[in-house]
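Q: Starting from the known structure of chain E, arrange chains Y, B, U, P and V on it as the hints suggest.
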Amino acid sequence: MKYSIAVYGGPYSHQATHTAFHFAQAVLDKGHEIQRVFFYHDGIYNGSALVAPPQDEANLPQQWQQLAEKNGVELVVCIAAAVRRGLLDENEAKRYSKPGSNLEQGYQLSGLGQLVDAGLECDRLVSFGP
Amino acid sequence: MKYSIAVYGGPYSHQATHTAFHFAQAVLDKGHEIQRVFFYHDGIYNGSALVAPPQDEANLPQQWQQLAEKNGVELVVCIAAAVRRGLLDENEAKRYSKPGSNLEQGYQLSGLGQLVDAGLECDRLVSFGP
Amino acid sequence: MILHTVNKSVFNCNTLNECLLTTARNDGVLLLEDGVYGALETAHPTEIHEVSWYVLKEDLLARGLSEGQCREGITVVDYAGFVELTEQYKSVCSWF
Amino acid sequence: MILHTVNKSVFNCNTLNECLLTTARNDGVLLLEDGVYGALETAHPTEIHEVSWYVLKEDLLARGLSEGQCREGITVVDYAGFVELTEQYKSVCSWF
Amino acid sequence: MSDILIIFRKPPVGTSWAREALDLALVGAAFGQKVSLLFMGDGVFQLAQNQQPDAVGQKGTQAMMQALSMYDIDDIYVHNDSLDTRGMAADQLNIDCQPITSKALPGLLQQHKQVFNF
Amino acid sequence: MSDILIIFRKPPVGTSWAREALDLALVGAAFGQKVSLLFMGDGVFQLAQNQQPDAVGQKGTQAMMQALSMYDIDDIYVHNDSLDTRGMAADQLNIDCQPITSKALPGLLQQHKQVFNF
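Line order of the protein sequences matches chains E, Y, B, U, P and V.
Taking the working numbering, the leading residue of the first sequence gets -19, the next gets one more, and so forth.
Taking the working numbering, the leading residue of the second sequence gets -19, the next gets one more, and so forth.
Taking the working numbering, the leading residue of the third sequence gets 126, the next gets one more, and so forth.
Taking the working numbering, the leading residue of the fourth sequence gets 126, the next gets one more, and so forth.
Taking the working numbering, the leading residue of the fifth sequence gets 92, the next gets one more, and so forth.
Taking the working numbering, the leading residue of the sixth sequence gets 92, the next gets one more, and so forth.
Each computed BS3-like pair below joins lysine-lysine, with the alpha-carbon atoms no more than 27 Å apart:
1. Lys125/V x Lys194/V
2. Lys125/P x Lys215/U
3. Lys(-18)/Y x Lys50/Y
4. Lys194/V x Lys215/B
5. Lys150/P x Lys182/B
6. Lys10/Y x Lys215/B
7. Lys78/Y x Lys74/E
8. Lys150/P x Lys78/E
9. Lys194/P x Lys125/P
10. Lys194/V x Lys204/V
11. Lys10/E x Lys204/P
12. Lys182/U x Lys215/U
Taking CB as the label site, the calculated pair distances span:
13. Asn71/E x Ala154/P: 25 to 35 Å
14. Gln157/P x Gly198/U: 41 to 51 Å
15. Thr192/P x Gln194/B: 20 to 30 Å
16. Glu49/Y x Tyr162/V: 33 to 43 Å
17. Gln157/P x Gly206/B: 32 to 42 Å
18. Met126/B x Glu13/Y: 18 to 28 Å
19. Gln194/B x Asp187/P: 14 to 24 Å
20. Gly206/B x Asn51/E: 49 to 59 Å
21. Met126/U x Lys50/E: 24 to 34 Å
22. Ala180/V x Val201/U: 16 to 26 Å
23. Asp172/P x Glu192/U: 33 to 43 Å
24. Asn51/E x Asp165/P: 39 to 49 Å
For the record, the hints were derived by calculation from the structure and aren't laboratory data.
Beta carbons: idealized from backbone N, C-alpha and C, even for Gly.
Chain E extracted, bound-state conformation:
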């Protein structure tokens, strides 16, 4: 089956990100496909290129990135939720005249329509809230 996953909780604050990640791994282990992980609300902080957790803790943005790269999963961050919270790609940084960008590689900013679309296109959409 084709899955998508929505993450609404911030990393290092709520377990939601961890749970979503373990669920995603289990979905792939079962031989299913994951089309997209969509990050909304505080979930957008998962897309930060600048997180620097202690050495004995997981780097969650990079874990998502690796899982996505290996399995052809889209990592989509809601652009409206991200921009107001200070997560920018180079385009948005330029648009708002900000001194830099901080979106991790492998993630893309896009509209909330990508969440609606995931609900339509996929057999299952599973959400993880804070």
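A: The following block gives chains Y, B, U, P and V in isolation, referenced to the frame of chain E:
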């Protein structure tokens, strides 16, 4: 009297930041001093230089910055909470070999001791949680 | 002489009731943010305590609530009044 | 045929009870994260519903809870079992 | 069978959930989906009249609420027990809603392909 | 009159509150303050034995809990009604705690100059 304020909620997700800011203004209007605003937990996101809210919404990091500059208030962000969540000054960006920094001007990263100290040094410490 | 602030809806969670377990007779409880719903006549904290009750005016207005909908015995304060409460009470304890 | 997930403690907030207002007889309720406390024998959802109850094993372990502490009639599943539930039920509704 | 049901359970103002759930409703409708809304629990507080979010420096959701009908979002349900518990009346809300009983809630969820729940 | 009381009301694992509150306790003690802890509400779940947070990829708080006594944090209270409600026994916790009754809670708060509450 001498006040300090602690903010634990992220901007654009919880009202905590707004409430803390309005309270801070009212404290100053009453002629009191504010020594420090300490940002912990998701409150650290208040220190982001990259937030770009819609034009009809407040830029909360800049509001704090202006209030601080005008009234000699320290804006201190818990370094441990910030670094793991992806809020870095130039030193920390260098330390963790990250491509950039995103701490807004006027904010400083420091230890949790600054929160303990605020509780000791000030007549009142008022916290705003998410 | 502690001022307790509570910012969660009493209709959804236990925060206000946990706060009231710890309050002494001279304490105050200020309802703010989503906590202001605890000031409604229809809200029932588990026990009526002998604390002084306050509710933040701006948060009532923001939610379309009027002073008339609040329980008797609750004092409505604005942000300036909030600051005055923090002057009066010896310390502030925030419940969220 | 909806699988509901609940991640909040029933001892502190209303999330599980709100979920149970909406469940149909063929639905399932999976308790995860802090929601697993709702599987304890000491937890009392307002009504016993005819849904199928599940609890996530990894979240029990993480919190030091054993299967023996769970109410009778709750099925313990691991992450692989969680995925199987999402296959079985037609859609997933998350309560948080 | 409608496409999308969005459940609103959080009070307004205190968090960004009300706004972000409404954003999703409007985007879903703009994508040509049939969107229904259900207000229950503390979410019914989003339906209060005379909200003045600018009193706490916020924008509020009133403009978005008024836009719902323009997006053909007309199936808007409010859980009557949730209103009762909170002392609110179904005929004094900021938008037109259809009261729904507890008994009818399970059926409402089953009628939708996808349920979002905030 | 002790200096600092930290109240723990959130369950472990689900959020970072347990860790961040313990961080504050240890830093407070390192700053030479007399720190007391109170576990109440769902916070008593932080005292459960045999927590295996690595099962969900987390570090947990057990190491910090064990460090409390090294920092001379010995005034650790647990609200007995909160334990009872949750089916936990005061003699089966992961650290030594002093049970405290509801009646004694207000007095405990009044004895401290500063109360942090997570």
